[in-house]
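A.B. asks: In case you want the letters, here they are:
2 protein chains.
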Amino acid sequence: MYDIIIIGAGPGGYVAAERAGKMGKSVLIVEKEHLGGVCLNRGCIPTKTLLNSTKLYKQAKSSAPYGVHAGDVSFNWNEALVWKNEVVQLQRNGVSFLMKENNVEVVKGSAELLEGKKISVDGKIYEGENIIISTGSSNFVPPVPGAEGNNVVTSDEILDLKELPESLAVIGGGVIGMEFASLFSNLGIKVDVIEMMDEIIPMMDKDHTRVMRRDMKGINFHLSSQLLKIEGRKLTYKFEGKEESLEADLVLMAVGRRPNTGGLEKTGLDINKGRIVVNEKMQTNLPCIYAVGDVTGLSMLAHSASRMGEVAVNNICGIQDRMRYNAIPWAVYTSPEAAGCGMTEAEAKASGRVVKTASMLMKHNGRFMAEHGKTAAGTCKVVVDAETGVLLGVHLIGGISSELVAGAAAMIESELRVNEIKQIIFPHPSLSEVIRDAVWALN
Amino acid sequence: MYDIIIIGAGPGGYVAAERAGKMGKSVLIVEKEHLGGVCLNRGCIPTKTLLNSTKLYKQAKSSAPYGVHAGDVSFNWNEALVWKNEVVQLQRNGVSFLMKENNVEVVKGSAELLEGKKISVDGKIYEGENIIISTGSSNFVPPVPGAEGNNVVTSDEILDLKELPESLAVIGGGVIGMEFASLFSNLGIKVDVIEMMDEIIPMMDKDHTRVMRRDMKGINFHLSSQLLKIEGRKLTYKFEGKEESLEADLVLMAVGRRPNTGGLEKTGLDINKGRIVVNEKMQTNLPCIYAVGDVTGLSMLAHSASRMGEVAVNNICGIQDRMRYNAIPWAVYTSPEAAGCGMTEAEAKASGRVVKTASMLMKHNGRFMAEHGKTAAGTCKVVVDAETGVLLGVHLIGGISSELVAGAAAMIESELRVNEIKQIIFPHPSLSEVIRDAVWALN
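Residue numbers (our numbering), protein chains in the order written: chain A, 25 to 467; chain B, 25 to 467.
Don't read these hints as lab results, they were simulated from the structure. Keep in mind that this is a model prediction, so the values were computed, not measured. Since no wrong hints were added, every one of them can be taken at face value.
Since the list gives no way to pick out one identical chain from another, each pair is judged satisfied if it fits inside one copy or across any two copies.
Below are the SDA-like pairs computed for lysine to any residue, each with C-alpha atoms no more than 25 Å apart in a straight line:
id	residue 1	residue 2
1	Lys46	Val414
2	Lys380	Gly48
3	Lys446	Ser323
4	Lys373	Lys446
5	Lys85	Gly95
6	Lys186	Asn100
7	Lys56	His388
8	Lys85	Gly212
9	Lys82	Asn100
10	Lys290	Tyr150
11	Lys290	Asn303
12	Lys85	Asn100
13	Lys132	Tyr150
14	Lys82	Glu103
15	Lys56	Glu151
16	Lys46	Leu466
17	Lys49	Asn467
18	Lys380	Trp354
19	Lys446	Met324
Required output: the full structure, derived from the provided sequences and hints.
C.D. replies: Okay, here's the thing in C-alpha cells:
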C-alpha cells in the first residue's frame, strides 16, 4: 500500500512524485516508456535543443553587421541529433536521480487502473491511498487520404529524421507546427504551413501573430486552408472554396494532441470530450483519484502539468491549494520567439472588463538594438484592467521573450497594479525593461 | 521660470524630464555633452554593444558541439566600433525624440548652480521652481607613477581604440574592469586583472565570484595586489609584501568613478565625502533642490538613477514616493554573465537576520544544458528570511542572468514569501525556472 501511486512520469507525474517524496509520502510512479514523458523525450527538450542549433547556424551566418565574419558556415544535422539525444539522456538521468533522492519507487510498464484504488502493471497489482493519473496526450493524425504515407510524419518521428528534406509542409500552425516550421526554415529549407484557422498560434495576440508571420520570410503561410489529400509530394488543400496544391518532400502533421484516456472509461471516471474532468484541487469524480496535465485537457503545457501535480499532492497532504489558470505563461521558441501570460486584449474585452493596453517596440530598447539590429521584429503589449489598474496580461514577441515572461507571470500571479509595477526597478540595459516601458506607455 | 530645471541628461536626468513632461510640467534640461549621459554614450550601451559582438565571435567559433561549423571566423574591431557608434547615435536620437514628445526644452552647455533656484548656462540665466541635479560621475585615475602614459586609458578612451592590443592589463576588478577584461578575453587577447581587494566585483556573492574567476580561463587574476607604477609596458604591483610585475600593451584604469560635484560646493549644498546628501525623497538640504543618480553616490547604476529621477519628480508633483535600495538589480555582462538583486547571504546575516539559502546549478536546467553545453558554469542562489519566509535576495551567474533578474526584482520589491513564489508558474523549458528550483531547494 503506497500513499500515492502516479501513472505517467511526465512533468505532471514526476514533479508530483518529487514533491510528495520530499514530504515523506511513499510514492510509486509507473511509466511505460521513458522518465520525463513527452516533454522531455519527444517535446519541449529535444525541440528546443534542435531549435537552438539552428539558431546558432543562422546567427553564425548573419553576424557581419556586428563585426563578426564566418566563412563556410555549415550545419550537420546528424551532429545536432547526437547532441539532442545526449541532452535528453542527461535530463532523463536527472529525473531518475530526483526520484531516487526523494525515495520514489519507479516501475516500468503499462498501468491499468482497477477498482478500489488499485492498478495493475504487467499483471502485478499495486494499491494506493491515492492515485494521480498523468497519462499525458498523443499526437492526433486526422483521417486525410494519404496521411499514412512514408513522407508523412508527426513530431515524434521528425525528431529523428535520417536526413534533412529539401522542402517541408507543416499541417497546423499551432505551437508545435510553428516551432518545426521555424527550425527547418532556419536551415534554409523551403517551408509551407497549412492552417485551417485564419491565424497561427491561437493564444497569441493577433497583433503579434501578424508580426511573426511577416518576420518569417522563409515560410509560406496558407491560412484558412484545409488539407484535403496527400498524394506523394503533392498536397491538395481547399482555400476560399477552391482546390489548390503545393509540393513538399516531407509532411509534418501537427494538428493537435489528444488526451490519453484509453482504458480509463470503464473505471467510472468522469470523462468528457476525451478529457478527465477535474475540480480546482485536481480531484476527479472518484474519491482519492486525481488527474493532472494534458489528460485533463485544461492547459496542455508542461509547466501547467507540473503545477497541477503540486496542487494534487498538496491536497492529498492536507495543504490548501488550488489550480488557477490566469497566470500560466507560454512560450514559442521560434525565430522570432514569442511568449505571453494572462489575458490577451481580446480575451480581456470578451470577459466584460474595461481594459487599457499599450505596446512598446523592442527597437526602442538599447540592448535589443545592440544585439538584434535595426530591422529585427519585436514588441511588448500589456493589458490592464482600467478600473482597478491590475495587470491582466503581458504579451511579447522578439528577442528572448521566453525568458522575460516568468517575470510577467510573477506580476500577474501577484495581482500587481500599474502603480506598483512602476516602482519595480528593472536592470539597464536589459530587454526586460520593455515590460516596464510598455506599462509606462499606458495612458 | 520653469517648473523643473534638470542639470545633466543621463538616465537620472532624462527619465526625470520625460516623466515630468508627461505630467504637464514645464521642464528644462541642460546637458554639456550628449543626451543620454555616460550610460548611453560611454557606458552601458556602447560596452554592451561591443560585448555582444565579442560574444558572437566566441559563439561562432564554438558551436561545433551543436552541429554548427564555421570556418575562418574573424573579428573586425573597426566594424564593431561602427556598429557601436550607430547604436549610440540611434539611442541618442531616441532620447531626443522623448524630450520633444514630452515638451522638454533641451539646452546644450555647462550649467552653473546659482543661489535662489537659478542656473547659468554660458552666461544665460534660467530660473526654476525646482532643480534636479543629475550631474553623474567621472572616471577616477589614481595617482600612480606612469598613469599618464600613452598606453594607459580609462573606459572613456578604450571604447574608441584604433586597433586592438595584443595584451591588456586591467586595474580594478569591479564591474567596469571585469566587463572590459571579458570583452578583450573573448577575442583571445591576453588579459591580466590587478585588484587591490581579495575578490572581484564587490556586490557579488563570494560563491559566485569564485565561479566566475574559474570560468574565465583566459584571464589572469592578481587579487590583493596593489599597482605601484607603470613603466611603459611594465606594471609593478605589490602582492603579499613583495613587488611583482607583468607586461601589457595597454593598461585600463578602472578603479572607480567619482560623483561630479565640481562647482557645487559654494552653493551651500550639503556635500559629504564628495557626494550630495539626499533624503529618501531625493531632496537635498536646500529647498526645492533635488539630486539623483551617481552624484548622490548611493547606487551608481543607470536604473537606480532613473528611479531616483522618478522619485524626485513624484515628490515635486505631490505624489507620495520614496527611494528604496533593497530591490535594485545589478548585472554584469561578462562571459559568463552575472546578476543579482537584494541581499547576499553575507549581507543578510550581517543585518542580524536568521537566513536560509539554497543554490541550484544551472546544468540541471534543460534549456541551459541544451544551449550552453555540459561544462558551462551557472548557478542561482536564493536568500530567504528564515522567520518570515520573505525572499531577500536572488543571485545568478551563467546564461542570460541579466535578463532573469528583473523577475527577481519584482518578487523582492513585492516582498513575496517562499510559499507565494512556489505558486508562480514558470515557463518550461526556460532558464528562468532556475529561480523557482532554487526556492524549492530551500529546506
